[in-house]
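Trainee: Sequence:
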Amino acid sequence: MKPVWRVADVRAAEAGLMATLPPGTLMKRAAAGLARRCALLLADRGGVYGARVLLLVGTGDNGGDALYAGALLARRGVAVSALLLTPGRAHAEGLAALRAAGGRLVDRPPARVDLVLDGIVGIGGTGGLRETAEQLAASLVRYCGRDGARATVVAVDVPSGVAVDTGHVPLTASGRHSAVRADVTVAFGALKPALVVGPAAALAGQVELVDIGLEPWLRGSPALRVTEWSDIVEWWPRLGPASEKYSRGVVGVATGSATYPGAAVLSVGGALAGPTGMVRYAGGARAEVLHQHPSVIATGRVADAGRVQAWVCGSGLGTGEDAAGELRAVLAAPVPVVLDADALTLLVDGSLADRLRNRDAPIVVTPHDREFTRLCGEEPGADRVSAALRLAAWMNATVLLKGDRTVIGTPDGRAYVNPTGTSALATGGTGDVLAGLLGSLLAAGLAPERAAVTAAYLHGLAGREAARGGPVTASDVAAALRPVLAPLVD
1 MKPVWRVADV RAAEAGLMAT LPPGTLMKRA AAGLARRCAL LLADRGGVYG
51 ARVLLLVGTG DNGGDALYAG ALLARRGVAV SALLLTPGRA HAEGLAALRA
101 AGGRLVDRPP ARVDLVLDGI VGIGGTGGLR ETAEQLAASL VRYCGRDGAR
151 ATVVAVDVPS GVAVDTGHVP LTASGRHSAV RADVTVAFGA LKPALVVGPA
201 AALAGQVELV DIGLEPWLRG SPALRVTEWS DIVEWWPRLG PASEKYSRGV
251 VGVATGSATY PGAAVLSVGG ALAGPTGMVR YAGGARAEVL HQHPSVIATG
301 RVADAGRVQA WVCGSGLGTG EDAAGELRAV LAAPVPVVLD ADALTLLVDG
351 SLADRLRNRD APIVVTPHDR EFTRLCGEEP GADRVSAALR LAAWMNATVL
401 LKGDRTVIGT PDGRAYVNPT GTSALATGGT GDVLAGLLGS LLAAGLAPER
451 AAVTAAYLHG LAGREAARGG PVTASDVAAA LRPVLAPLVD
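Residues 1 to 490 in UniProt numbering are what the sequence shown spells out, letter by letter.
None of these hints come from the bench; they were simulated from the model.
Every residue gets a Cβ at the ideal spot worked out from N, C-alpha and C, and that includes glycine.
Possibly wrong hints are sitting among the right ones.
[To be verified] Label pairs and their in silico Cβ distance ranges:
1. 75 / 108: 22 to 30 Å
2. 32 / 394: 45 to 53 Å
3. 423 / 130: 28 to 36 Å
4. 147 / 361: 58 to 66 Å
Please construct the entire structure, taking both the sequences and the accompanying hints into account.
Mentor: See the structure below:
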């Protein structure tokens with residue numbers, strides 16, 4: 001997993017490292033990595049020599065990084081112009097290096113620009129961009145290069161204007177994000193939360209991490225971790241010569257109803273795609289489930305379902321007394337449970353609080369923002385990671401807070417973010433598929449946080465795969481799980 005670090009931790013690590021280096025070394029390391037990435041981008045647009053690069057330079061170290069990188073590019077024959085937002089406060093040594101290399105200062109952007117380097121505000125910035133910088137950021141879409149295409153925008157460390165520790169981005173009066181939208185962000189030494197969570201993650205574009213020697217100096221616990229494919233491969237349950245349907249795990253699915261049979265079909269489909277050997281369905285959509293999935297063992301009630309290693313409960317269940325009775329039966333079982341959709345609504349009034357408190361087995365809840373608000377009495381807000389962790393601690397449950405960058409929080413304060421999310425999943429029923437897959441992973445023996453992280457990651461990949469064929473339905477996502485999971489199956 002990739003660790004993601006808060007600003008204070010990064011600052012402390014930089015201070016420790018800089019104390020061991022000659023002055024300016026760290027900035028020059030960062031600038032060298034930045035210039036290299038810019039040169040590669042320019043090479044893809046027709047070549048480095050003769051290209052035009054505009055530096056947007058603020059007053060902090062990010063401005064210095066941009067100036068030093070501009071100097072390196074100028075020495076390779078790039079026409080580098082620097083627009084200083086506060087001329088009297090630009091990084092003096094970086095400015096001198098740029099001038100010595102042949103770069104020039106300008107009062108307005110050139111007519112043609114192949115690449116824009118955003119060095120306006122770094123990790124110390126707060127509160128969005130000031131008016132002049134915001135106007136510049138909004139104008140970047142109008143810059144074009146020698147090939148007639150829009151200029152490539154490269155952010156230095158983070159896109160200017162984002163809240164680095166939360167990923168929040170303020171909106172302007174016209175509803176635009178008050179931040180730079182980058183095609184590429186070159187991060188120095190460590191990933192920061194704004195590069196992986198919240199609206200800021202969408203503004204960062206492709207993120208490239210440059211090693212500047214910071215890792216040995218990072219102390220304590222990361223703010224969160226980003227899942228990688230290698231994690232999924234490591235955690236996926238493996239079959240052996242003695243494996244059979246019961247040893248692989250049996251997952252129970254208490255979802256759907258006569259009114260909402262589709263929720264049952266979809267959640268069972270997600271469960272069948274997972275690693276368990278059997279699915280038991282309990283609910284009012286038996287006929288529809290068996291028609292679509294004849295391998296499932298179906299009954300009308302949780303009490304009649306038989307033994308399982310995990311339960312999934314909620315999607316399309318309803319919120320009446322019969323549904324509450326089924327939820328109580330699920331919570332009474334001494335196995336891990338996934339609570340989704342209507343099950344979360346049934347928790348809001350607190351009548352099932354004793355059932356939650358008395359459970360020893362793990363609980364995973366999967367709210368979207370509106371369900372989170374009903375559970376907590378407040379919206380997730382600007383800091384989605386902290387919101388997920390608050391709910392996890394309050395419920396003593398693993399929380400999978402759904403969104404474009406789904407966040408998983410644990411009761412003991414660990415947080416993960418899923419990098420595979422896609423807006424293609426923003427359609428009815430996809431959460432039912434996710435809940436079923438998650439239950440299957442729990443029944444197969446994965447720890448709650450690993451099951452949640454794995455389910456979110458694979459569900460995101462399935463959404464992307466399904467989107468290749470055009471507009472996506474939840475059934476498309478369920479079907480796409482099989483090719484996505486194929487490399488994991490021995």
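Trainee: Which constraints among the numbered hints does this structure fail? Numbers only, ascending.
Mentor: Structure breaks no hint.
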